[in-house]
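Asks: Throw the hints in and build the complete structure from the sequences for me.
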Amino acid sequence: MLNNFITLKQILEGYKKKEFTSREVFASFYDKINERDPIIKSFITKLSLEDLTLNDFSMPIAYKDNFSTKGILTTAGSGILKDYIPPFNATVVEKLRNSGFVCIGKLNCDAFAHGTTGENSDFFATKNPYSLERTPGGSSSGSAAAVAAGFVPVATATDTGGSIRLPASFTNTVGIKPTYGRVSRYGIIAMTSSTDSIGHITKTVWDNAFVLNITAGHDPKDATSSCDKTADYLSDIEMGMAGLTIGIPKEYLKGLSGGIKDCFNSSIKTLEKLGAKLVGVSLPHTEYAINAYYIITPSEISSNLARFDGIRFGTTRESFGSEAKRRIMLGTYSLAAGYYDDYYLKAQKARTLVIKDFKRVFEKVDVLAAPVSPGIPPKLGEVVNDPIKMYMMDTLTVPANLAGVPALSVPAGFVNKLPVGIQFIGKNFSEKLLYRVGHAFEQETKYRSPKR
Amino acid sequence: MLYESVIGLEIHIQLNTKSKMFCSCSNDIWKKPPNSLVCPTCLGLPGALPVPNKEAIKKVQLLGLALNCTLNKNSHFARKNYFYPDLPKGYQITQFSDALCEKGRLETSFGEVAIRRIHLEEDTGKSMYTKDETLLDFNKSGVPLAELVTEPNITSAAQAVEFCKKIRELARLLGVSNADMEKGNIRLELNISLRKEGEKALPNYRVEIKNINSFKFLKNAVAYETKRQEELLKAGKEVLQETRGWSESGKKTVSQRKKEMENDYRYFPEPDIPPLEFDEKYVGMLKQELSQVLFYKDKNISEASFEKSKITKEKITYSMNDENELSKLVKEVIAENPAPVSDYRMGKENALQFLIGCVMKKTKGQSNPKMVLDIIKSLLE
Numbered sequence: 000m001l002n003n004f005i006t007l008k009q010i011l012e013g014y015k016k017k018e019f020t021s022r023e024v025f026a027s028f029y030d031k032i033n034e035r036d037p038i039i040k041s042f043i044t045k046l047s048l049e050d051l052t053l054n055d056f057s058m059p060i061a062y063k064d065n066f067s068t069k070g071i072l073t074t075a076g077s078g079i080l081k082d083y084i085p086p087f088n089a090t091v092v093e094k095l096r097n098s099g100f101v102c103i104g105k106l107n108c109d110a111f112a113h114g115t116t117g118e119n120s121d122f123f124a125t126k127n128p129y130s131l132e133r134t135p136g137g138s139s140s141g142s143a144a145a146v147a148a149g150f151v152p153v154a155t156a157t158d159t160g161g162s163i164r165l166p167a168s169f170t171n172t173v174g175i176k177p178t179y180g181r182v183s184r185y186g187i188i189a190m191t192s193s194t195d196s197i198g199h200i201t202k203t204v205w206d207n208a209f210v211l212n213i214t215a216g217h218d219p220k221d222a223t224s225s226c227d228k229t230a231d232y233l234s235d236i237e238m239g240m241a242g243l244t245i246g247i248p249k250e251y252l253k254g255l256s257g258g259i260k261d262c263f264n265s266s267i268k269t270l271e272k273l274g275a276k277l278v279g280v281s282l283p284h285t286e287y288a289i290n291a292y293y294i295i296t297p298s299e300i301s302s303n304l305a306r307f308d309g310i311r312f313g314t315t316r317e318s319f320g321s322e323a324k325r326r327i328m329l330g331t332y333s334l335a336a337g338y339y340d341d342y343y344l345k346a347q348k349a350r351t352l353v354i355k356d357f358k359r360v361f362e363k364v365d366v367l368a369a370p371v372s373p374g375i376p377p378k379l380g381e382v383v384n385d386p387i388k389m390y391m392m393d394t395l396t397v398p399a400n401l402a403g404v405p406a407l408s409v410p411a412g413f414v415n416k417l418p419v420g421i422q423f424i425g426k427n428f429s430e431k432l433l434y435r436v437g438h439a440f441e442q443e444t445k446y447r448s449p450k451r
Numbered sequence: 000m001l002y003e004s005v006i007g008l009e010i011h012i013q014l015n016t017k018s019k020m021f022c023s024c025s026n027d028i029w030k031k032p033p034n035s036l037v038c039p040t041c042l043g044l045p046g047a048l049p050v051p052n053k054e055a056i057k058k059v060q061l062l063g064l065a066l067n068c069t070l071n072k073n074s075h076f077a078r079k080n081y082f083y084p085d086l087p088k089g090y091q092i093t094q095f096s097d098a099l100c101e102k103g104r105l106e107t108s109f110g111e112v113a114i115r116r117i118h119l120e121e122d123t124g125k126s127m128y129t130k131d132e133t134l135l136d137f138n139k140s141g142v143p144l145a146e147l148v149t150e151p152n153i154t155s156a157a158q159a160v161e162f163c164k165k166i167r168e169l170a171r172l173l174g175v176s177n178a179d180m181e182k183g184n185i186r187l188e189l190n191i192s193l194r195k196e197g198e199k200a201l202p203n204y205r206v207e208i209k210n211i212n213s214f215k216f217l218k219n220a221v222a223y224e225t226k227r228q229e230e231l232l233k234a235g236k237e238v239l240q241e242t243r244g245w246s247e248s249g250k251k252t253v254s255q256r257k258k259e260m261e262n263d264y265r266y267f268p269e270p271d272i273p274p275l276e277f278d279e280k281y282v283g284m285l286k287q288e289l290s291q292v293l294f295y296k297d298k299n300i301s302e303a304s305f306e307k308s309k310i311t312k313e314k315i316t317y318s319m320n321d322e323n324e325l326s327k328l329v330k331e332v333i334a335e336n337p338a339p340v341s342d343y344r345m346g347k348e349n350a351l352q353f354l355i356g357c358v359m360k361k362t363k364g365q366s367n368p369k370m371v372l373d374i375i376k377s378l379l380e
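Chains as they are written, first to last, in numbering that gives the first Met the number 0: chain A, 0 to 451; chain B, 0 to 380.
It is worth saying that the hints were derived from the structure and are not from the lab.
Since this is a predicted model, take the numbers as computed values, not measurements.
Pulled a few chain A residues facing chain B out of the computed Cβ check, cut under 8 angstroms:
{"no.": "1", "residue": "SER67"}
{"no.": "2", "residue": "ALA89"}
{"no.": "3", "residue": "TYR185"}
{"no.": "4", "residue": "ALA189"}
{"no.": "5", "residue": "ALA222"}
{"no.": "6", "residue": "THR223"}
{"no.": "7", "residue": "GLU299"}
{"no.": "8", "residue": "SER302"}
{"no.": "9", "residue": "ARG306"}
{"no.": "10", "residue": "ASP308"}
{"no.": "11", "residue": "LEU334"}
{"no.": "12", "residue": "ALA335"}
Coverage of chain B stretches by chain A, computed from C-beta distances (three or more under 8 angstroms per stretch; other residues unrestricted):
{"no.": "13", "segment": "47-58"}
{"no.": "14", "segment": "78-90"}
{"no.": "15", "segment": "270-279"}
Built from N, CA and C at the ideal position, the CB exists for glycine as well.
Replies: The following block contains the structure:
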């Protein structure tokens, strides 16, 4: 029966009924890893099963490699940190550990999370389990691929401009980008401090809510983490979406490829069928979001990556990959005296307008529904050398990051046999509602059939 | 032709908080083994985050209030980006616009000195150079510093020294810093330029002078630099805008960095720390605390010196001169104020002033303070 160990919920129920032991569960995941990861290539570091300390209720987890793990290599996908072993755990790692999760390895990603395909990893590119010639999306490429391939029931990830939702939508998995400040950033190697959101990727919405119940909450070590009380993200999950008003933002429907548009239209029908009231809405400053994001992000990156100065981390700044170098240069430029007002400050003003757009629209609707990506997963090599094309893959995810609002990506079907996602965006701290909507949609559609 | 010095000061004051500025490491770093007081945050390890120290913020604000500054209700931290081996993050967390305190003043015997701002920032680590290597000690990394910047309206070395001494005294009175120059608790930088006497406009250049570790150096550096600039100007030459360092051994300033080599620090708001907001209630509480501190520590320095001069100038008679009666009152005061009494026994002379004040209060100002002082001393020793 071990082949059915797919979700955390199934594992937990099995433990309660004593149907299997934790060692059997872990062994079955390791079997899948050993069989397919040499092809998929999602792990940068794999711990050996023999070295793990398990108890009766241990659950497997793998971390995106920008999560600091005490005593375990943490590279952030970058050659600069190829030998870096942190002396401390990220708060999220600590919380999950204390809740029974046991780390089985660290997952590949674009170096310092800069990218939308995973190909900016300084080590290797991860493949999409649904089509080995395509990317699983990025920057959390390893996290999405590992969950999709059944190597782990949950993988943590970070979403700075779409890095959880995009790969989740490309791999038929569920990804949460929590409200900025809902989950501690302490110990996560920073990309853009003001938009980094710490989330995770799972097979199901229920599993996803279960994990957020553990990771959410104030952290005295992160001054930007919210003191607002957390909710029980599972308590309303079965309530369905009847009576909810869901907004469809027209700006998110521009420039979609044909298949994606059809897929989204059929998702809308499902929402209506489930009793939601749909209304067309507008977030007029959406078109400025991507430009503002690609100024603010490099600005913060140029500062956040300054600590890798070659003095304490082994390699010199020469060994930054080309995308990191590009962002360092762009950011240094937009913060420079004489350019600051025209670039950084202007981008922050645009950001304020994007925030206001969301505030205004959430006075009218409970949740927004939108496609995650304007297209299907690109082929490996297709966009990696064209930065603008790569950046444009973020157009539908970036606004939520600039505004700080939460968004949940849920499988929404297939286009050319490739997975496509839908995202539900809510107002700040509305994750509970997003899970409720996402769960209802998932239970109705069941697009996530056990893969292969 | 006569020239007048235009001097501005930057004073870094190490705050004596319990922990460092952005982490929980001990701030008591004097003579501790290298790199023994460090953590992921003050080492700038990837992923570690800064959390501002409320005590440090309060201490800067107390200092600001005592110097008649305006406290900004909205303030924030900023990143100052530059590379240096002892700066582990590649940027220093400091303040740029909206400093905690702005627009203060302090009286000196040469006139009032205007204070532009006092802001809060973190110190860097320490580089130590041996013959063929640089050693880094990060104990000092993240130590909280108040940086006080004056307007350039100081006109002489004597005024600069008096100002700095008063700041040192005030920092001690308020208990915000140990203010020990020898331990580097107070560090001075100055900018200086000359203008023709009688002119009002600021000169079109300024020379910054670093590496001033004592009041003596301050005096010497101002004297040397005034002379150097005066000679250049008299010879019809321009004074270069640059940063110079004081060399005590050579008794001169030495050029360190020309203007065109100045860094662009690319300041921007620190995204890891939300903006700071202070409401009326908080500021009111600070003001109350300041008045208590000043009462306990005996007035602030300007008032204290003013009062002393009043006592010597006026002839005052006291009606309450019965020694037995006074002894009784002093005993009462001693019993009522155990904390100042023990402070005095620990060597804090200020506590004595407080005790005298208490006796004076009981006698409605009619006892001779000198007599009261003698009685207190005899009873406590």
